[in-house]
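S.K.: Assembly of the complex is requested from the two constituent chains, each provided in isolation within its own frame, with the hints serving as guidance.
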Amino acid sequence: MTAGVDGARSPRAARLATVAVIVLLGAAAFARPGDEGGAIVLANPDRSRVTELRSALAALPESPAVLIGLDGDLGTYPEIRAVVRTAFDDLLARGAGLAFVSFTPEGRAVASAELDRLARSGVAAGRLLDLGFVTGAEAGMVRAVTDIVPADATGALADAVREAGGGMAAFNLAVVVGGGDLGPRTWVEQVGPRLPSLPIVAIAPTFAQPELAPYLRTGQLVALLATLRDGAAYVASVRPTGTANPDRVPSALAMLIGMIVALAVIGRSLAAALGGGGQGVATAIEADVGAAGDGPEPSAPAAATPS
Amino acid sequence: MRRSLPAATVVGVGLLLLVDYVVINPTLAAIADLVLDWVVLLAAAAALAGGAALVLRHSAQLIEARGERAGSVAVLAGVAMVLVAGLYPGSHGATDPAVRWLIAALLAPLIASLFGLLFFFLLGAVRRVTVLRTREGSLMLAAAALVLVLLMPIGGAAGDWLAEAAGWTLAVPIGAAFRGLLIGIAIVTSVHAARVLLAVNGVEE
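Note that the protein sequences, when read in sequence, are chains F and V.
Here the first sequence stands for residues 7 to 313, where the numbers follow the numbering used here.
Here the second sequence stands for residues 4 to 208, where the numbers follow the numbering used here.
Quick caveat, the hints were computed from the structure, so don't treat them as lab data.
Keep in mind that this is a model prediction, so the values were computed, not measured.
Mixed in with the good hints, there may be bad ones.
Reference listing, derived: stretches of chain V covered by chain F, where coverage requires no fewer than 3 residues with Cβ under 8 Å from a Cβ of chain F [unchecked claim]:
#1 91–105
#2 125–133
#3 151–159
#4 170–177
Ideal Cβ placement from N, Cα and C applies to all residues, glycine included.
For reference, chain V alone in the conformation it holds in the complex (with noise of 0.2 Å):
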């Protein structure tokens, strides 16, 4: 009983999304607007509740000293501050300007950087490769420089002719890569889904 519930209720509402995809019936349709409601405001609540626990833990870590306590005292600053511009009183909540600008002036420039700094990241990991000595490390720097070789912007005849191979390699043989994953995803999931739906042994564990 405690196993066949969940399975039961997770049958169900897959069911019936399935026949409203498929079939066009106005009481169909509330009905799954309702659960796609109820699944709306679950997600939104788990969004909450991870924030609340996020809070909870480096609060934690603060007051008993354990951890790295700089992270934590960064965390909830950061977290007060947000809080603090959109909830004060005859705040616009997320559209405030001084939401606006924690967001622009702090967040995206500090994330931005650390995106920019992938570059030497990447440089040290190639070296690491070296150190390891793999055919799969080997076989992954060859590509990545072959990539780099055709993404050169340059001008003239010889930027004509990397364009073009750059696009047909991204066309043939990276794009067929990924229609087969692609292809390959949507077949274990529909496979997850149907051994779900028919309560197969083992999937409910």
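Just chain F, with the same shape it has in the complex (with noise of 0.2 Å):
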């Protein structure tokens, strides 16, 4: 992948070094750092964001009821699935009673899937309440807004919300976990304005904090959780070092190998895209690129370089 400058590069040496990084990388994501303060540290210095998360939480009156807006995406909740454990873990042992609620399929089957890995590690059945999934996106959640609470839906926390009114006013917190297509940014929109008293905060892919931190700003976000660093800061908080925790955040050194392997061949490619010294590498990634049959001819582009 990486081999090679000077366009005497075979596809043999090419696919060794891809085996190469797969191996490492693999290799790498089950080695854990040492402590905190090592070289190589996930754990944002910065926990500004985590003081945020906690503050809001520390806010909560003795046994609060606490939504959970869940729709996270299949593909990027493993990034923060150990930051909403702990999350779940966290406002357990402040005493609250979580109610799960979708507004989009994938959400629901994460949803699901949590509510069941609770119900198995002994959370008492009365402190889960299933919401289930509300179809209609958006119409669906302002309908939510004054009842949320399906008919059939039993147990303590259930019966609680029910008394309060059936709708989202009941609880005292709602905690929106995002990456799908109505994440945090819909609820600000839908239900924030319907409902300013319920404080809102966030937890989502890092792909999603440029669109959200305006909201964090405004403080119609109390707190956000949308960054890989910000995250492990939270659970670092949460679970000390040292403590068992069964929900890891991704390997830091997994994620460094993968960065530098990521930045040599951005290197080398804007070396190649800029010219000058990079003119060999370009020619020879024109070449395995063309080869490979999977890219235009190479001798098109250059034609509309521009000037």
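M.R.: Structure below.
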């Protein structure tokens, strides 16, 4: 993949390099960094996001009712799974009852699996409430603001929510897990103006951070964990190093190796794209892509090079 | 008439929901709730129709022996598995252990694996950018390299500095661009909604 610079590269060497990277990443995924102050640290040293979340949780009353809007995407959920599960544990440790609702089918799949896991881990049934999948996208969400409890829902939490009106106003906090089509932004737009008293915190994959950060600054989100490093810092704050942690954040070493590989490929490609000393590399890559039969003819794009 | 009826419906529903949003009135709220119920029902019906269309399309492909037959078999088998697990006599529907197993042990790992391959697909895409040699491509690569450097999980003073720089980059230049995008989208949506409500020529076509 990255071997050779002068055009004498063989497809076999490229394949070997690819296999080597995969093996290296696979091995690194199981390797754990040392203590938190080591050379490789995933947790963000800037703990302000973590402080905001923990402050929001600390402001909850005793035995609060927390609404979990779980609309993660099955592809990106592994990135935030450890953070989400740590947040559940944090909330349960504060005596919270958790009610799960989803507005996307994928979110429903994730919620179903998480409810199953929590039930199997010994959380009392009365502290969990499955509000199911609400169809209708934004319209369904608006409808759920005033009526969120299904008719067949039972249990102490369901009864408490019904007594408090049966809508989202019965909850002390909404924790929105994003990644799918209907994420924290939709909650801020549809639920926020209708229930300004309901604080909303969000946990989302890194790609959603730029989209959600403005809402944090305006206060429409009271807390946001939307990068892997912030998530790792939160997990470390709840579960200090050395404690049993079944839900590990992704390996920092694997990430670092992946980043270095990506940087090498990007740097090489940039050198080639910018011409100059990278001309030999460009020719080699063109030959490689052309030989693989998955790119345009090497000579064609050269003619389209901007002057 | 053929065009004015949908336009009138859109205008009526839009105004009703808009007024319900800003005015507290129980009667108005009840009517708005009813309209929302219809929208929810329509969405559910559309989802069912979409599923049925998918099954019909792949069934037809199999019967007529065209298209990717292996893919059609996989789609139909997947649909059948989930339907059987969720609808067999005594099943608990979406919360049935069989459905949960299918999702947790089969679907989620499959999708996560595909997402994991994104790393390698992206590296392939980077190489294609090299061949295309466009300014935009080079700019994108440079930005990607910068983001990678800023997000490197390293400790010590260098890590602190990188985290600070990453925070500033996300909050200031990237944040500004996204704010601009969000505000732009909001303005365009508002203008379009106003054109629909006012039945400005060309909107309903």
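S.K.: Can you take a look at whether the segment 125–133 of chain V is actually covered by chain F? Rule is 3+ residues, C-beta closer than 8 Å.
M.R.: Coverage by chain F holds for the segment 125–133 of chain V (8 residues, Cβ < 8 Å).
S.K.: Under a C-beta cut-off of less than 8 Å, do 3 or more residues of the segment 170–177 of chain V approach chain F closely enough to confirm the stated coverage?
M.R.: holds (count 4)
S.K.: Please count how many residues of the segment 91–105 of chain V have a CB within 8 Å of a CB from chain F and say whether that reaches 3.
M.R.: holds (count 5)
S.K.: Using C-beta distances, would you say chain F covers the segment 151–159 of chain V, given that this needs three or more residues below 8 Å?
M.R.: With 8 residues close enough to chain F, the hint holds.
Violated hints are absent here; each numbered hint is respected by the structure.
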